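J.: Sequence:
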Amino acid sequence: PPPPPNTRVHTFLLPTYTRPMPFGNTHNQMKMNYSAEQEYPDLSKHNNHMAKVLTPAIYDRLRSKQTPSGFTLDDVIQTGVDNPGHPFIMTVGCVAGDEETYEVFKELLDPVIEDRHGGYKPSDKHKTDLNPDNLKGGDDLDPNYVLSSRVRTGRSIRGFCLPPHCSRGERRMVEKLSNEALDSLTGDLKGKYYALKNMTDAEQQQLIDDHFLFDKPVSPLLLASGMARDWPDARGIWHNDNKTFLVWVNEEDHLRVISMQKGGNMKEVFNRFCTGLTKVWKKPGEALWKGRAFAMIPSNCSQIESLFKEKGHEFMWNEHLGYVLTCPSNLGTGLRAGVHMKLPNMSKHAKFEEVLKRLRLQKRGTGGQAFPQICIHALL
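If you use UniProt numbering, the sequence shown corresponds to residues 1 to 380, in order.
Calculated directly from the structure, the hints in this document are not laboratory data.
Among the hints, erroneous ones may be present.
[As the list claims (entries may be wrong)] Straight-line Cα separation of at most 25 angstroms, SDA-like style, residue types lysine to any residue; simulated pairs:
| hint | residue 1 | residue 2 |
| --- | --- | --- |
| 1 | Lys176 | Gln204 |
| 2 | Lys216 | Gln206 |
| 3 | Lys348 | Tyr145 |
| 4 | Lys192 | Asp215 |
| 5 | Lys309 | Thr186 |
| 6 | Lys125 | Asn318 |
| 7 | Lys351 | Met90 |
[Said to hold, decoys possible] Taking CB as the label site, the calculated pair distances span:
| hint | residue 1 | residue 2 | range |
| --- | --- | --- | --- |
| 8 | Asn33 | Lys262 | 50 to 60 angstroms |
| 9 | Ser35 | Glu103 | 22 to 32 angstroms |
| 10 | Glu180 | Gln206 | 17 to 27 angstroms |
Just so we're clear, the structure is a prediction, and the values are computed from it rather than from any experiment.
Cβ coordinates follow ideal geometry from the N, Cα and C atoms, glycine included.
Generate coordinates for the entire structure from the input sequences, incorporating the hints supplied.
T.: See below:
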């Protein structure tokens with residue numbers, strides 16, 4: 001109804017980055033009534049790795065394929081089609097909907113991975129070392145410049161579709177398994193799970209104050225890939241009592257495991273990270289079937305993974321890609337180590353980004369120009 005007389009009405013237009021973006025109509029099978037040329041997306045103004053690799057010929061060969069769970073080529077590329085990117089910022093432009101995505105659509109994804117991860121070849125094998133004793137340095141970062149340190153990784157539970165493609169039932173089962181597994185942690189890792197939909201205002205405000213809380217995605221990159229469907233159903237945050245070790249459930253990946261603390265002792269942060277992730281659950285060198293090939297299991301494997309394995313589940317992994325995650329940029333270790341730094345002068349320098357690139361680092365997140373978050377770039 002119209003407002004009462006003499007009422008001042010204000011109209012607000014949401015900025016582009018917060019406007020809801022509908023999930024792509026990628027499952028419309030009528031598209032197969034049209035030629036590949038008629039269905040090929042317009043990528044003429046795009047700057048992402050997917051657009052750099054995809055050609056009409058590749059699209060023609062792959063467009064009729066789908067993974068066993070029904071993830072299609074158009075599902076893979078839709079986020080990159082809807083988000084052309086920035087002229088100076090190369091985004092990935094594609095996602096995986098399940099573990100098989102990287103095999104079924106490898107003609108597209110292998111070159112994307114090679115381009116994004118600095119020449120990582122389809123024949124390369126990934127190595128992960130989670131022995132904190134092998135870390136050199138990291139305990140003496142200057143506290144005058146380093147405000148906080150953190151290490152994070154992602155993990156995907158084998159047998160479930162990834163967040164862009166999972167059903168409500170799958171997502172809820174991932175939450176249930178995660179809650180049960182994390183509830184088994186003891187000692188310094190003992191903690192509590194908070195479901196987003198059940199949080200009290202006080203709990204939510206406390207998590208915001210602690211910089212723990214992830215909110216409903218507003219990034220078009222995530223919205224276009226379908227990761228915000230049914231929000232906040234089956235999403236949540238777990239953290240230990242000391243608030244230095246936390247796990248996000250069903251955000252961009254099934255699990256995001258994070259170790260963080262104030263100051264510049266990255267070695268201590270990494271040690272806690274490895275403590276939460278590492279525990280011997282297979283004898284060193286014992287063979288285990290891992291999808292397409294036999295892999296030799298390292299002596300230190302995930303403590304959290306062992307809890308899932310006790311319940312009949314393991315994490316997605318293969319010897320080429322390492323740990324399999326939603327975004328190709330996070331493959332391999334899935335590990336991203338970073339510091340929140342105070343660089344009031346250098347961050348303004350015209351060649352700041354160039355310096356970071358030479359060091360294989362990148363600036364991420366927020367905190368203002370003078371307080372950038374600096375982290376590693378390539379994970380494979």
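J.: All hints, please: hold or fail.
T.: Verification of the hints:
Simply put, Lys176 and Gln204 have alpha-carbon atoms about 21 angstroms apart, close enough for the 25 angstroms limit, and the pair holds. With a C-alpha separation of about 17 angstroms, the suggested pairing of Lys216 with Gln206 holds against the 25 angstroms cut-off. At most 25 angstroms may separate the alpha-carbon atoms for a hinted pair to count; Lys348 and Tyr145 meet this at roughly 15 angstroms. With a CA separation close to 18 angstroms, the supplied pair Lys192 and Asp215 stays within the 25 angstroms bound.
The suggested pairing of Lys309 with Thr186 holds, with an alpha-carbon distance near 17 angstroms, which does not exceed 25 angstroms. The hinted pair formed by Lys125 and Asn318 meets the criterion: a straight-line CA distance of about 9 angstroms does not exceed 25 angstroms. In summary, the hint linking Lys351 to Met90 is supported, as the alpha carbons are separated by about 17 angstroms, within the 25 angstroms threshold. A hinted range of 50 to 60 angstroms holds for the C-beta pair Asn33 and Lys262, which are about 59 angstroms apart.
Taking 22 to 32 angstroms as the suggested C-beta distance range, the pair Ser35 and Glu103 conforms, at roughly 26 angstroms. The given range of 17 to 27 angstroms is respected by Glu180 and Gln206, whose C-beta atoms sit roughly 24 angstroms from each other.
When each numbered hint is compared with the structure, no violation occurs for any of them.
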